[in-house]
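Using the sequences and the accompanying hints, generate a full structural model.
Chains as they are written, first to last, in my numbering: chain V, 33 to 129; chain Z, 135 to 238; chain S, 329 to 411; chain A, 25 to 339.
Hints in this document: simulated from the structure, not taken from any laboratory. Be aware that one or more of the hints could be misleading.
[Said to hold, decoys possible] Ranges of calculated distance between the beta carbons of each label pair, as one might list FRET restraints:
| no. | chain 1 | residue 1 | chain 2 | residue 2 | range |
| --- | --- | --- | --- | --- | --- |
| 1 | Z | G191 | A | L220 | 36 to 46 Å |
| 2 | S | P355 | A | D174 | 46 to 56 Å |
| 3 | A | S114 | Z | L219 | 25 to 35 Å |
| 4 | V | W40 | A | R118 | 32 to 42 Å |
| 5 | A | D160 | V | T67 | 45 to 55 Å |
| 6 | V | V42 | A | P266 | 26 to 36 Å |
| 7 | A | A312 | Z | L219 | 34 to 44 Å |
| 8 | A | G296 | Z | G191 | 50 to 60 Å |
| 9 | S | M329 | A | E153 | 32 to 42 Å |
| 10 | V | V57 | S | E331 | 24 to 34 Å |
From a predicted model like this one, the values you see are computed outputs, not experimental measurements. Note that CB positions come from ideal geometry on N, CA and C, so glycine has one too.
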Amino acid sequence: MSGLLDLWTVVAVSGGAFFFLAGTVGLLRFPDVLTRLHALTKADNLGLGLVVLGLLPRAEGLQGAVKLLSVWLLVMLSGATVSQLIARVAGRESPPA
Amino acid sequence: MSTATLFGVYGAVLVGIGLYGMIVQTELLRRIVAFDVLGSGIFLIFGAVARRGAAGGLASDPIPQAMVITGLVVAFAATGVATALLLRLSASAEGVARRPEGPP
Amino acid sequence: MSEFLLTVAALVVVTVAIGLLRVLRGPGDADRIMAVQLLGTGGIAALLLAGSATGEAGRVDVALILALLAAFASIAFTKAPSG
Amino acid sequence: MTPASLLDLGIGAVALALAAFAGAARSSFAAIVGFVALGLLLALAWLRLGAPDVALTEVAIGGGLTGLLLIGAERRLRARAMAEASDPVSTRVRVAAAVLSAGVAAGLAAAVLSLPIPAPTLGPAALRELPRTGLDNPVTAALIAFRAFDTLAEKVVLLLALVGVWSLAPDREWGGRPGQRYPLDADGVLAFLVRLLVPVGVVFGGYILWVSAGAPGGAFQGGAILATMWLAARMAGLTDAPRLCASRVRWALAAGPLVFFAAGLAGPLVAGGFLAWPVGFEKPVIVAIEIPLMLSIAAVLGLLLAGPAQRDGAR
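Structure below.
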């Protein structure tokens, strides 16, 4: 059982790290602000999400698990809002044609 | 090199970077930032000292930790006073610039 | 297992730090804020990973504060250029 | 190389790169971005150094509040569009500064490398006295019991700093409201987020104080979170700063230090010394002090962030 859970941790955490890598590559390589924003949100939501899900089996009891999940929830919530605001800044800097 | 020593050396380098910035920056806000970088370096050296003092099941000596917490708060207060002074300075400079033939 | 988690934590830190090249390149403030947002999320992930590996007390609390405050740092940045 | 040392090296290398960037960046906006990012890396470093209490403070105050303060100042300076350009420093001065800074850094590094072995520590002494405080977290015990005098003096320093900031207000604005009035967020995105997150933040600030008896946390960190929530509510235009001459502002600032000081003065009567806590009642006394203390810290930090009065003055 613990072997399976460990496998889950390894798979999910690796997946999360992959999305961070992908988000960074996108942030550096994509041609304009809005596509870069798209890449960033993948790292925010999926990268951290998979890390959190992977660490869940190692959480300290129910309270630890709830805290872990609320970290993810907070980041998703604020990430959604902040990307709106960033897009607004981008629109101010170079108004869409 | 242990974790403590490693971060202590990083702290020393941070102090150097901050000090250099404080001397060569011409914008005052940038000098404040450099001052805060310098402060972070000093706190990190404290952290190294605290970590070396780990004993009796503690991961780190609590007394230097308490001092760093106090220091972080005071550094914030100092930054607050510095930025307020800077903003007041620029406001009065602006006032002078608006009245070219103002009082001497 | 904890070696694996620590390695991933180091990888994530270095990865998102490379993303900070966007802060250098810009061109706009929007790009800079994005790089910080990415670093914030990556930092949270690294905190959770490293904390889970070594079992330090209170590490999830640090991540929670970070999740709460990183959002407001980004908001302050987005508010900044408008004056 | 072990993964742990790989992580340490990575954190350190990125931190130094960010510090150099904060110094070398072309715009001050980018420099501040670099500084805030540095704060995040330092929080990781503090965790690696086994100091989660400091990591919390670094996240909340070192990077967080200081970053907000600097960003606010940068925005106002930019709005004024004042080129405060003085002459760039000459190459000779740069070289001299580089030599001096490298020398100082090398000296400090040498000092770190030659620290005595075994390292002196107050850890065992703190652990020995810990049961007498009724607390389980030695860092909280150091702040509120062993070195309570430092903490009390620090509260006074914070108030003095605030007096310093306030006294920079123009005469006609004295006692007025600090900072600008933010318009209500038009599209409602920010207002929505703030309405959602501020209650979470308030609960979490209280939680951080409450657990500090046995786990990382404390009045500073909780107060910093509350102060950030107040700033967020103002930025979304949901609330405005109070007039600084209002008596509720003054009482909010003074309540924490006053309670602390009063409890300290009661010490000689009930426990045999200034700032000594009565035997058997240490924990309730400490909690009773820390709650008003946190609220006062939140008020001080929030008002330091807001700056001097600049509108709606008394005259």
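**OP:** With 36 to 46 Å as the target window, see if G191 (chain Z) and L220 (chain A) comply at their CB atoms.
**Re:** Check passed, 41 Å falls within 36 to 46 Å.
Original post:
If you check the beta carbons of S114 (chain A) and L219 (chain Z), does the distance land in 25 to 35 Å?
Top reply: 26 Å, holds
**OP:** For the range 50 to 60 Å, tell me whether the beta carbons of G296 (chain A) and G191 (chain Z) fit it or not.
**Re:** Violated - the Cβ-Cβ distance for G296 (chain A) and G191 (chain Z), about 30 Å, lies outside 50 to 60 Å.
Subject >> C-beta pair P355 (chain S), D174 (chain A): status relative to the range 46 to 56 Å that was hinted >> reply: 47 Å, holds
Subject >> Beta-carbon spacing of M329 (chain S) to E153 (chain A) - inside the hinted bounds 32 to 42 Å or not >> reply: Cβ of M329 (chain S) to Cβ of E153 (chain A): about 37 Å, so the range 32 to 42 Å holds.
Original post:
Okay, D160 (chain A) versus T67 (chain V) on CB: inside 45 to 55 Å?
Top reply: Between D160 (chain A) and T67 (chain V), where Cβ atoms are some 50 Å apart, the hint holds.
Subject >> Beta-carbon spacing of W40 (chain V) to R118 (chain A) - inside the hinted bounds 32 to 42 Å or not >> reply: Distance hint for W40 (chain V), R118 (chain A) is violated at roughly 55 Å.
Subject >> Outcome of range test on Cβ distance (A312 (chain A), L219 (chain Z); 34 to 44 Å) >> reply: Once the Cβ atoms are compared, 37 Å apart, the range 34 to 44 Å for L219 (chain Z) and A312 (chain A) holds.
Subject >> C-beta pair V57 (chain V), E331 (chain S): status relative to the range 24 to 34 Å that was hinted >> reply: Taking Cβ atoms as reference, V57 (chain V) and E331 (chain S) lie about 26 Å apart, which means the hint holds.
Subject >> Satisfaction of the hinted span 26 to 36 Å by the C-beta atoms belonging to V42 (chain V) and P266 (chain A) >> reply: About 53 Å separates the Cβ atoms of V42 (chain V) and P266 (chain A), which means 26 to 36 Å is violated.
Hints 4, 6, 8 from the list above are not met by this structure, while the remaining hints are.
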